[in-house]
Structures are given as structure tokens and as C-alpha cells.
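Asker: Here's the letter readout for the chains.
2 protein chains.
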Amino acid sequence: MTGKRPRPPRGFRDFTPDLMILRKELFSRLEKLFQRYGYDPIDTPIVEYWETLAGKYGEEAENKLIWRFKDPWSGREYALRYDLTVPLARFIASHQDVVLPFKRYHIAPVWRHEEPQKGRYREFYQCDADIVGSSYPEADAEIVNLVVDALRVLGFNDGFKVRVNDRRLLTGIFEEELGIENPLPVYRAIDKLDKIGVEGVKRELMERIGLNGTTTEKILEIISLRGDPDETLDKIEEKYGNNKNVKEATRHLREMFDLIFERKLTLLDLSLVRGLDYYTGPILEVVLDKPKIGSVAGGGRYDNLIGIFLGKEIPATGVSIGIERIIDAGIELGIYTLRRKTVTQIQVIVVDRESYKYAWEVASRLRSMGFNTRIDVSRLKEQTQRKKARRLSIPVLAFIGLKEMESKTVTLYFTESGERIENIKVDEAKDIIQKRL
Amino acid sequence: MTGKRPRPPRGFRDFTPDLMILRKELFSRLEKLFQRYGYDPIDTPIVEYWETLAGKYGEEAENKLIWRFKDPWSGREYALRYDLTVPLARFIASHQDVVLPFKRYHIAPVWRHEEPQKGRYREFYQCDADIVGSSYPEADAEIVNLVVDALRVLGFNDGFKVRVNDRRLLTGIFEEELGIENPLPVYRAIDKLDKIGVEGVKRELMERIGLNGTTTEKILEIISLRGDPDETLDKIEEKYGNNKNVKEATRHLREMFDLIFERKLTLLDLSLVRGLDYYTGPILEVVLDKPKIGSVAGGGRYDNLIGIFLGKEIPATGVSIGIERIIDAGIELGIYTLRRKTVTQIQVIVVDRESYKYAWEVASRLRSMGFNTRIDVSRLKEQTQRKKARRLSIPVLAFIGLKEMESKTVTLYFTESGERIENIKVDEAKDIIQKRL
Numbered sequence: 001m002t003g004k005r006p007r008p009p010r011g012f013r014d015f016t017p018d019l020m021i022l023r024k025e026l027f028s029r030l031e032k033l034f035q036r037y038g039y040d041p042i043d044t045p046i047v048e049y050w051e052t053l054a055g056k057y058g059e060e061a062e063n064k065l066i067w068r069f070k071d072p073w074s075g076r077e078y079a080l081r082y083d084l085t086v087p088l089a090r091f092i093a094s095h096q097d098v099v100l101p102f103k104r105y106h107i108a109p110v111w112r113h114e115e116p117q118k119g120r121y122r123e124f125y126q127c128d129a130d131i132v133g134s135s136y137p138e139a140d141a142e143i144v145n146l147v148v149d150a151l152r153v154l155g156f157n158d159g160f161k162v163r164v165n166d167r168r169l170l171t172g173i174f175e176e177e178l179g180i181e182n183p184l185p186v187y188r189a190i191d192k193l194d195k196i197g198v199e200g201v202k203r204e205l206m207e208r209i210g211l212n213g214t215t216t217e218k219i220l221e222i223i224s225l226r227g228d229p230d231e232t233l234d235k236i237e238e239k240y241g242n243n244k245n246v247k248e249a250t251r252h253l254r255e256m257f258d259l260i261f262e263r264k265l266t267l268l269d270l271s272l273v274r275g276l277d278y279y280t281g282p283i284l285e286v287v288l289d290k291p292k293i294g295s296v297a298g299g300g301r302y303d304n305l306i307g308i309f310l311g312k313e314i315p316a317t318g319v320s321i322g323i324e325r326i327i328d329a330g331i332e333l334g335i336y337t338l339r340r341k342t343v344t345q346i347q348v349i350v351v352d353r354e355s356y357k358y359a360w361e362v363a364s365r366l367r368s369m370g371f372n373t374r375i376d377v378s379r380l381k382e383q384t385q386r387k388k389a390r391r392l393s394i395p396v397l398a399f400i401g402l403k404e405m406e407s408k409t410v411t412l413y414f415t416e417s418g419e420r421i422e423n424i425k426v427d428e429a430k431d432i433i434q435k436r437l
Numbered sequence: 001m002t003g004k005r006p007r008p009p010r011g012f013r014d015f016t017p018d019l020m021i022l023r024k025e026l027f028s029r030l031e032k033l034f035q036r037y038g039y040d041p042i043d044t045p046i047v048e049y050w051e052t053l054a055g056k057y058g059e060e061a062e063n064k065l066i067w068r069f070k071d072p073w074s075g076r077e078y079a080l081r082y083d084l085t086v087p088l089a090r091f092i093a094s095h096q097d098v099v100l101p102f103k104r105y106h107i108a109p110v111w112r113h114e115e116p117q118k119g120r121y122r123e124f125y126q127c128d129a130d131i132v133g134s135s136y137p138e139a140d141a142e143i144v145n146l147v148v149d150a151l152r153v154l155g156f157n158d159g160f161k162v163r164v165n166d167r168r169l170l171t172g173i174f175e176e177e178l179g180i181e182n183p184l185p186v187y188r189a190i191d192k193l194d195k196i197g198v199e200g201v202k203r204e205l206m207e208r209i210g211l212n213g214t215t216t217e218k219i220l221e222i223i224s225l226r227g228d229p230d231e232t233l234d235k236i237e238e239k240y241g242n243n244k245n246v247k248e249a250t251r252h253l254r255e256m257f258d259l260i261f262e263r264k265l266t267l268l269d270l271s272l273v274r275g276l277d278y279y280t281g282p283i284l285e286v287v288l289d290k291p292k293i294g295s296v297a298g299g300g301r302y303d304n305l306i307g308i309f310l311g312k313e314i315p316a317t318g319v320s321i322g323i324e325r326i327i328d329a330g331i332e333l334g335i336y337t338l339r340r341k342t343v344t345q346i347q348v349i350v351v352d353r354e355s356y357k358y359a360w361e362v363a364s365r366l367r368s369m370g371f372n373t374r375i376d377v378s379r380l381k382e383q384t385q386r387k388k389a390r391r392l393s394i395p396v397l398a399f400i401g402l403k404e405m406e407s408k409t410v411t412l413y414f415t416e417s418g419e420r421i422e423n424i425k426v427d428e429a430k431d432i433i434q435k436r437l
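Those sequence lines, one after another, are chains U and D. My numbering puts the first residue of the first sequence at 1, with every later residue one more than the last. My numbering puts the first residue of the second sequence at 1, with every later residue one more than the last.
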């Protein structure tokens, strides 16, 4: 294989330090926020038995997007984690001693066998927060408040909207007005609205599902309802309020919106359906005002999913933050930069080979003071050490030569200001560096 | 599937919040330490093309332990990451713009198709630190200093030893004394010493490899050399110092030990070989004084591995910390506990349904003050809210009823001390809580 330049598999990525430093910072902000709300961390394996994932996500996922494979030894079928929600449901069924309601977050990669393209990868992180064990609107409201705060800690201030809908609204209206008993295929067509436009959805409804023109037009009219939550709920109740599903949904949504702190950022939008089969109640999606890149978070209520595993139903609701798209958008908008190429704050520059051991001691002392400190391990010339430190934009250089060794001092150089301070006792270095970092 | 209780796949684990809180704390300590040494984070995909991993680890890994599978659509062969070292080598070959020496850490899961047993899983985390681009003993010494500090930040103080050897010592001595030209099969037999004992190794050498009795006895004599690094190096030089490999190795090791800060924790031990094929120079392993559970960290120099991918050789050295065994040992020794069942610090208890909205506002204020705060989302009775908070050992309860709502106050209860403080203005709660947490 000599000479070949291997790459990560197609659709997979390496993360270099500049990207990892940014990613870790953003994951850490989200993690702190989740913990502020009292959500606890869990983790599940990256593989599940195939039958755990089968039948949960819908046709496309099942037949095309889930990475499944056979254990070559046992012949047992496995699948790579496709999202963090079905594993959570399985987790709840496996750990029946958890205290309900169970509030958990999970920041972890998932895998989808997509055709790779710009911004779309086969392995990507999701950041999920869910509440298991409450059927009340309070739980859905907390999830909306959490996702609004999440976008804010990620730096998007008010530059986004939370679109909300409820599966029961569409189910009820479709049933009442159009006699549609299984709305899932219709949802799947509507879900493509952003991608294929109104005309595209119309074609899907008529040609693929076989609905007639009147029904199709009616559906398009219904899903065009959107706007301020209260006003839109008034309209819906007036028109379709006799239907049991609609009645339940409007009551649930009114109580939910009542507990949302930032209602001005929310929108009731009947064209929102979400692509996954398992949702049963309120659903939500976050879209940025710019750039136009589709949703950056999505979620909703799935009251039946855990029951599939457990045999008894446990209601649940949650949200998944699409951190990869948010990172792409944040870089495009200039909210995030990839400026930091290293975590290193101080490079100890070994000026004379004879002062090497003293230089190591100084590096060790600087580390004890809390500074991220590198030292040469390659016997490089002083000039080369400096050049490499510059390429990584390390902010402080600490020179150690014979002079410093004899006087038990260090010479500091701050690269941004160009300031150079000689003859510093190592103990005094802490304050001097801290003030300038 | 109704009624079935699914489990994670055999050999895989879920992590509940108590375990995750501990794991995150330990990962974070290691991460801070790696950064203190100026090591930068990277990440690589969990899958690599099979040919990237093939031929790197040795027979057993290749034929049995690597999880490999075919993409059902393309037929392309993939493998789950088996360690973090080969992916690093591939990373270096894929990213030729990295500044050398490249110091990186990587905390991530790997997968091995082992037969599951107590303490041995098919998915487990490794915490690796490596230096790419230096062939000097300084790099190996830094890795030893780093691993000693790692065991300390993990709470093991001086309760461990770092066993060191150098592949070139054994290669040189075997070649010189016994005419063995390919020592890899002999290494594999010696590597089983801890598991099968001296008699077991003897049988392996004679029966499986076909060595005669004299050679076998000689090998056992050589690998029984161990002790203080300087004294042991003196003995080796006296006996085998004419061999070129031995000469190189002893010089390298002397310079390396000279830069190790805690030499009293190190040991030169000729029976250490490490199981992987790719090592070329100094190798190391950390063993705890107790419990007796095999090595908890291991690593060494692998100067040829990157060359396989890149076509030109780049020296490298590093260590992998076996955090799973360390966690098991730490729990057994009582260094770690699983006491914390939640990150939540304050549970807001809703006493009257009518004060619900005020309670939500207080929860939000407490979060702004930096406290991890939960609130009921299930309309539970006061008593049930308290019972659940107690089951999770949440340290602070904040009661909100009509009285508190009207006076814009909160009543605080500290579960450990039993202290109850009424009539606190929300703004004043911060200091009161902080002092008692």
C-alpha cells in the first residue's frame, strides 16, 4: 500500500484541531445549558440490534438510510444508530428503574447512508434533549424554551423562528374534511414542501398517492395556514373545532404556548409535518432567518414509541439540535471562526541545548500554573521552533537559554503586541502572562 | 415486538446518568491535562475502509477481533475503529499540512469483537496522546511524564508503576544470542506471560513456535531482567552492549529516563513486549499496585506505521489510557463513587397549581444565576415531587406556593442539613444557595 494516500471513507470526515476546538466549545455550551435545565447525560451503544431500529422511522430510512450489517461470526443483524430517539426509547425499556419524568440529554454521532454532498455527511452529531414520562403541555413548552435558549447560547440571538404544529391537527382536519384515515403518506408528501415546492407536493399527492384534484387543493389550502399562534389557533377552532383531535390539539397547544417565554419567536405552521413516523402530538422545527438552509433543530412528541418496546405506553417529547448545520451556518455568518489552531498558550523555546533540562522544568512549572504549555521534543533550531509556533499562532513564547538558566529566569515574548520582557523569575510569570492572555 | 424487553447488543453497554456524570468528570480531567501539555484534539470517523486497518495489528486482531462489514449497497468493506493509533497514522497521511511535531489527544470509543466478560466490552473508550514527527527520546519521555500525571489527576497518586522496555533491546539480544531474525511470534508468546504464566509461555515457545529447550530457557532468562532503569541498563550493556540494536536502545532509554520527572515510579522490564505489531522502539505499560487487573495504559514508539500510508516515514510515539479499567479499579478502590444520580442542584416544587407560572419564572431566574434547576412538568402532587427529588438526591428544594407567589419570594429547603429558610426574595437566593452547596 506504500505511496497511496488513504482518505476517510466517502461521506465521513476527519476533524482537525481548529474544527475540534470550535466543536468542543459549542458542545460544551449546549451541555451546560442542558444541565441548567436539570437534564442528565446518558450514552447508548453506537450499534443496536437491527430489530430495535426496524419499523420506527418510515420507509426511506428502513430501506435505504440505515447502515445495517451482519456480524460475520454470529450472523446476527446490527444497525448503526440512526438517531438518538429510538435508542432512548429502548434505553427506557431496558432500565425500568429510572425516575420518571426522566430528563436526559445526549450529544453523540449518528449514521445515515445518504449520498454525500456539501453539508451532508454519513456520520454527524446530534444534540438531543428529551423528557420521558409527561403527557402534559408543560413538557412540550419546556422543550421549546430550551431550544430557544440553545440557539441563543450558540450565538444566534433572535435570528430564528420556532415553527410549531401538532400532528393531531392535521389528522383531525384531514379525517373530518377529507375522510383520510391514514395520513402518513400525505405527511411524507407535505414534508417535501421545502425541497420540491407547492407544485411538487401537488404532483406527489395526485400522482403518487392518487388523490383527486379537489382533495389535493383542499390539502394545500389547509397547510397554507400559518402565523401568530393565538390567531391561527382561533381560525382553526372556528373552522374545524368540532373534531375531537382538533379540540385536543388546540387545547394542548394553547396551554403550551402559555408557558413559552419567547412567543414572538414562535409560529404555528400547518405545513410542518416532520419526516419521521413516530410523532404523535406537538412537533417543532427551528429555522434560521439566514442563511436559508432548512431546519437546524427539530422534534416533537412521540407518545407511542416507548410502548413498542415496553408493552406499556410512556409519553415523551423532545428536540434534536442539528449542530452540524448550525456550525456551517455560524461559520458562513461569521459568528464562529476557525482562528484557534491549537489549545497551546505558551511555547517554551529552547535556545541552547545545554539549558534543555531547565527548560523542561520551566515548562512543567508553567503547566502547574494552569497554562497550556508546549516544549520542543525534536531538537529543532531556535528559529525553527519560533517559526512553528508562529504557524500555530501560539500567543506566548517563553525563551530559555544559558542566561535564563543561570539566573533562574525566563524571557517572555507576546506575539500579538510584540512585547518582550526579560529577566522574569518563574514564580512571577503567572501574573504577567495572565494579564496579557 | 410488544412486550419484549430489548437490551443493548451483547457486549455493549448503556450508561445511566450516575455513570455518565463520573465518566464525564474523568474524561474532562484527562482532557484538561492533555491540553496542559499543549496537545490538540482531533477526531476521525468510527469507520475506516477495511484496507486502512488491514495488516496493522497482527493476526488475532485481523482474523478475529476487528469488526468488519460490507456496505450492503456498494459492497465496499468497512471496519469499525479498532484503536486510535492507526486512524491517527491515516489522518497524518490524509492531512499533510499539519505542523510537525504534531501533538494530539483523542478521547473516543473503539470496537473489538471480544467474547464479552466481566470488565471486557465490545465498545469501550480509549484516551490517547501521541507525538508525531519526533524520533528523539524527548518525545518518549514527555509521554511517560504525561501518563504519570494522568494517573495522578485520575486519583491514583503513587499507587502504580510505569513498566518500560524497548523493542530494539529484545530484537538485538534475540538476534545476537539466539539468531532469531523474526521475533514477532516470540513477542506474541511473551505477551501472554501475565495470562498463562512462565510455564505457559514455555509451552508456546516450544510447541507452537518450535524452539528448542536451550533457546527457550535463554529467552526466559533474558525476559526475567527487570528493575531500576539505570542498574538494569548497566547489566544489559555489559552483557549485550556490542549489538547495534542494543546500543541504540540503551542510549535512547538513558536519555529518555533522564527527562522523566518521577523515575521512582518507572521500571525497566524486559518481559514487556506489548501485543501490537507496529511498535519499533520504547514501549511502556502502566500497572496499578492494586487491584491486580493487568495494564491500565500502554503505548510506545511506532516509527514505521505512518510510512505505510504515506510512503515516507514519520516517527511517532504515544500512549493509550485504558479508562474503562481505570474506572472499574477506581470504583473498586473507593476512589470514585456513583453517588451523583443527577446534575440537578435545585428542584422547584410547585405547591399550588395556581402558582405554576410564577414557579416557572423562578426556575428560569435560578437557571440564570447558574444553578442546574428542574421543575415539575407532570402536574405531580407536592408530595410526589418531593419524593422524586429525594430519590435523585437533589440537594436543594425551592418551594413555590400561593404565599411565595404573592410575596414574590421562595422557600428554600436544604436536604442534607434539613435547614429551611422562608421568605427569601429571589434575587437574594443566589448567595444563600451558593454558600450551602
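Note that these hints are calculated values from the structure, not bench results. Computed from a predicted model, the values in this text were never measured in an experiment. Treat the hints with care, since some could be wrong.
All copies of an identical chain are treated as equivalent in the list; a pair is satisfied when it fits inside any one copy or across any two copies.
[Unchecked claim] As a list, the in silico SDA-like pairs of lysine to any residue whose alpha-carbon atoms are at most 25 Å apart:
1. Lys-247 <-> Gly-401
2. Lys-435 <-> Gln-35
3. Lys-64 <-> Asp-194
4. Lys-264 <-> Tyr-356
5. Lys-430 <-> Glu-115
6. Lys-387 <-> Glu-313
7. Lys-32 <-> Leu-392
8. Lys-70 <-> Asp-228
9. Lys-64 <-> Leu-392
10. Lys-218 <-> Leu-65
11. Lys-32 <-> Phe-15
12. Lys-381 <-> Thr-415
13. Lys-264 <-> Gly-401
14. Lys-290 <-> Lys-312
15. Lys-64 <-> Val-98
16. Lys-24 <-> Asn-372
17. Lys-32 <-> Lys-388
18. Lys-381 <-> Asn-145
Asker: Name the hints, by number, that the structure is in violation of.
Answerer: 1, 5, 8, 9, 10, 13, 14 and 15
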